[in-house]
Amino acid sequence: MKLSIGLEGSANKVGVGIVTDKGDILANVRRTYVSPPGQGFLPRETAKHHQQHVVPLIAEALKQAKIDPEQLDCVCFTQGPGMGGPLCSVAVAARTVAQLWKKPLIPVNHCVAHIEMGRLVTGASDPVVLYVSGGNTQVISFTQGRYRIFGETIDIAVGNCLDRFARLLNLSNDPSPGYQIEQLAKQGKQLVELPYIVKGMDVSFSGLLSFMEEQLDDWLKRYTKADLCFSLQETVFSMLVEVTERAMAHCGQKDVLVVGGVGCNERLQSMVQTMAQERGGQAFCTDERFCIDNGAMIAWTGLLQYLYGDCKDISETGCTQRYRTDTVPIPWRTEYFSSSEKLSNP
Amino acid sequence: MWKQRVVKKYRHEELDQRIRTRRLFQEARTLLRCRKLQIRVPAIYFIDPEESILVMQYISDSIVLKNYLNQPSNRDISPIAMRVGETIAKLHNGAIIHGDLTTSNFLVVHKDNDQTLLYLIDFGLSFYSNTEEDKAVDLYVLERAILTTMKENEVGYFWEKCIETYSKHAKDASKVLQRLEQVRRRGRKLSMIG
Chain A
1 MKLSIGLEGS ANKVGVGIVT DKGDILANVR RTYVSPPGQG FLPRETAKHH
51 QQHVVPLIAE ALKQAKIDPE QLDCVCFTQG PGMGGPLCSV AVAARTVAQL
101 WKKPLIPVNH CVAHIEMGRL VTGASDPVVL YVSGGNTQVI SFTQGRYRIF
151 GETIDIAVGN CLDRFARLLN LSNDPSPGYQ IEQLAKQGKQ LVELPYIVKG
201 MDVSFSGLLS FMEEQLDDWL KRYTKADLCF SLQETVFSML VEVTERAMAH
251 CGQKDVLVVG GVGCNERLQS MVQTMAQERG GQAFCTDERF CIDNGAMIAW
301 TGLLQYLYGD CKDISETGCT QRYRTDTVPI PWRTEYFSSS EKLSNP
Chain B
1 MWKQRVVKKY RHEELDQRIR TRRLFQEART LLRCRKLQIR VPAIYFIDPE
51 ESILVMQYIS DSIVLKNYLN QPSNRDISPI AMRVGETIAK LHNGAIIHGD
101 LTTSNFLVVH KDNDQTLLYL IDFGLSFYSN TEEDKAVDLY VLERAILTTM
151 KENEVGYFWE KCIETYSKHA KDASKVLQRL EQVRRRGRKL SMIG
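Respectively, the protein sequence lines represent chains A and B.
Here the UniProt record's numbering is used: the first residue of the first sequence is 1, the next is one more, and so on.
Here the UniProt record's numbering is used: the first residue of the second sequence is 1, the next is one more, and so on.
If you're looking for bench data, these hints aren't it; they were derived computationally from the structure.
Note that the Cβ used here is the ideal one computed from N, Cα and C, for glycine as well.
Mixed in with the good hints there might be a few duds.
Negatives, chain B to chain A, calculated, CB over 10 Å [as the list claims (entries may be wrong)]:
#1 Tyr10
#2 His12
#3 Leu32
#4 Arg40
#5 Asp48
#6 Pro72
#7 Pro79
#8 Glu86
#9 Thr102
#10 Gln115
#11 Arg144
#12 Ala145
Just a few of them, taken from the derived set where beta-carbon distance is under 7 Å, the chain A residues facing chain B [as the list claims (entries may be wrong)]:
#13 Arg148
#14 Phe150
#15 Gln187
#16 Leu191
#17 Leu194
#18 Ile197
#19 Lys199
#20 Gly200
#21 Glu234
#22 Ser238
#23 Met271
Listed below are several chain A residues computed to face chain B (Cβ distance under 7 Å; list not exhaustive) [what the hints assert, rightly or not]:
#24 Val241
#25 Thr274
#26 Met275
Next up, chain A with everything else stripped away, as it sits in the complex (with noise of 0.2 Å):
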């Protein structure tokens, strides 16, 4: 059997965890930098929280797995994308131990560890992706070897519009400001006619944004806040629910799998789950623990890489605040080579 451990720190959760390589996890723990209301998180904040808390983290997760170091076969890190200060603090304490244990190092790309556990735990296998969370919206399908982008957001993520707005509404950031916005939408009954923009499979917030901004002192002498969260929330899912189906149609594919820290948010799951009917497929959604940032997709998918010789000299290992899906190879995936099917379905 083999053992990964992985660290990731792109934002403003730090997370370890521990899996074996037949997909089961020994250990998921993680700490998050909650910023005051108002205010979002900010790179050098967050880089210290990570710091500060890496260390106790990795203790606990092996505590928890009830392994020790030695017993591991390679450390994983998140090498991008993601806010530079965040993301070194968490390659640091990964290149440390490393050397300490004497273990190969797997770097993995943030975006493709969401896509594998979201695969690992709903048991998904060649699904439409729709990755939503506050830095990245994008709708992926597998294809020639690679996980593309069919559509994306053209300027802010879905989850960086809500947790902006919900700033404006100086709603709490505990546990994160898209809950909040959530619980309050679901007492909303007024739709508010927000802009409602799809370019293609392509979608953008921005303007949207900065409507709301505009208008909203006029709006709270009409409206409740639950009314604007409610709208918001209609609006921006709905589009992000109509680029996946079209998506979804243009691929031929019938499954959808959603990922990603707003995806743990009930209301698209349901509006995903309605579309997947009509159409005759499935979606899959996975719960908070899988959905936000964790340590155990990127040991995850940091052991695939492993088991198919990705392994990278120290020098190798710095990080990057961009790093394109489409830019990883994907070896593991069945329509690569047949042989992986245990591997990719496990």
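The hints should help you fit chain B onto chain A, whose structure is shown.
Leaving out everything else, chain B in the frame of chain A:
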């Protein structure tokens, strides 16, 4: 043939109704405008806003561009690429932005006399604009669609021919193409945190 915009159950009812009606009318308006500009599009026969139905000309013997390009043959793809470029140029010169330019939204009719006709369809996301930004995004959407559906070795050539013809026919083509550069950079991209 008739095209009905079906209710999307996942969408809020009010929002869904609004979107369907808007797109139906927009499609009808743009189809008419295209005909005036002598762009090949299906003719409209009837509109039913209540049921979101548009009845229009059936283009017989046509094949979707996506399938046409993926047919195994050693046919030269440059004439069709040039047609695509020219059609988009005409559209943009008339201040129409298609909004969903993909290889699924062009129909190819191959006539006996070896003439190839190209029809443009599906104008639900179209709008009117004369800005370089909107035109560039329109091209960007098509470029991406081509990249994901065409054989890798043909993409470059096809797109090059397409843009070459577009530049020849479109007003302010150089500015639009400059803008396209910017849009591309935006696409690959700021939002990479998560």
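The hints, checked one at a time:
1. Listed as outside the interface, Tyr10 (chain B) is inconsistent with that label: its C-beta sits roughly 4 Å from the nearest C-beta of chain A, within the 10 Å cut-off.
2. Residue placement check: His12 (chain B) does not keep its beta carbon more than 10 Å from all beta carbons of chain A (closest about 5 Å).
3. Interface exclusion of Leu32 (chain B) from chain A stands, the closest Cβ pair being 22 Å apart, more than 10 Å.
4. Against chain A, the non-interface label of Arg40 (chain B) holds: every CB pair exceeds 10 Å, the least being about 21 Å.
5. Its beta-carbon lying about 22 Å from the closest one in chain A, Asp48 (chain B) satisfies the requirement of being farther than 10 Å from that chain.
6. Here Pro72 (chain B) stays apart from chain A, with its beta-carbon at least about 17 Å from theirs, past the 10 Å limit.
7. For Pro79 (chain B), the non-interface assignment is confirmed: its Cβ lies about 25 Å from the closest Cβ of chain A, beyond the 10 Å cut-off.
8. In this structure Glu86 (chain B) is separated from chain A by more than 10 Å, as the shortest Cβ-Cβ distance comes to about 20 Å.
9. A Cβ of chain A approaches the Cβ of Thr102 (chain B) within 10 Å, the least distance being about 6 Å, so the stated non-interface status is violated.
10. No beta-carbon of chain A comes within 10 Å of the beta-carbon of Gln115 (chain B); the shortest separation is about 29 Å.
11. Consistency note on Arg144 (chain B): stated as away from chain A, yet its beta-carbon is not over 10 Å from all of that chain's, at 7 Å minimum.
12. Against chain A, the non-interface label of Ala145 (chain B) is violated: not every CB pair exceeds 10 Å, the least being about 7 Å.
13. Checking Arg148 (chain A) against chain B: minimum C-beta separation of about 6 Å stays under 7 Å; hint holds.
14. The closest approach between the C-beta of Phe150 (chain A) and any C-beta of chain B is roughly 6 Å, which is under the 7 Å cut-off, so the hint is satisfied.
15. With a cut of 7 Å, the hint placing Gln187 (chain A) at the interface with chain B is violated, because the nearest CB-to-CB distance is about 15 Å.
16. The beta carbon of Leu191 (chain A) comes within 5 Å of a beta carbon in chain B, closer than 7 Å, and the hint placing it at the interface holds.
17. Hint status for Leu194 (chain A): violated, given a least beta-carbon distance of 9 Å to chain B, over 7 Å.
18. Interface restraint check for Ile197 (chain A): the shortest CB-CB distance to chain B comes to about 10 Å, outside 7 Å, so the restraint is violated.
19. Hint on Lys199 (chain A) holds. Least Cβ distance to chain B is approximately 6 Å, under the 7 Å limit.
20. Against a cut-off of 7 Å between C-beta atoms, the interface hint on Gly200 (chain A) holds, since the closest Cβ of chain B lies about 4 Å away.
21. For Glu234 (chain A), the interface hint holds, since its Cβ comes within 7 Å of a Cβ in chain B; the closest pair sits about 5 Å apart.
22. Annotation: interface hint on Ser238 (chain A) holds; nearest CB of chain B at approximately 5 Å, less than 7 Å.
23. Interface hint at Met271 (chain A): satisfied, since its Cβ lies 4 Å from the closest Cβ of chain B, which is below the 7 Å cut-off.
24. Because the smallest distance between the Cβ of Val241 (chain A) and any Cβ of chain B comes to about 5 Å, under 7 Å, the interface hint for this residue holds.
25. The restraint placing Thr274 (chain A) at the interface with chain B holds, with a minimum CB-CB distance near 4 Å, inside the 7 Å limit.
26. Taken as an interface hint, Met275 (chain A) checks out: its beta carbon lies about 5 Å from the nearest beta carbon of chain B, inside 7 Å.
Checked against the numbered hints above, the structure breaks hints 1, 2, 9, 11, 12, 15, 17, 18 and satisfies the rest.
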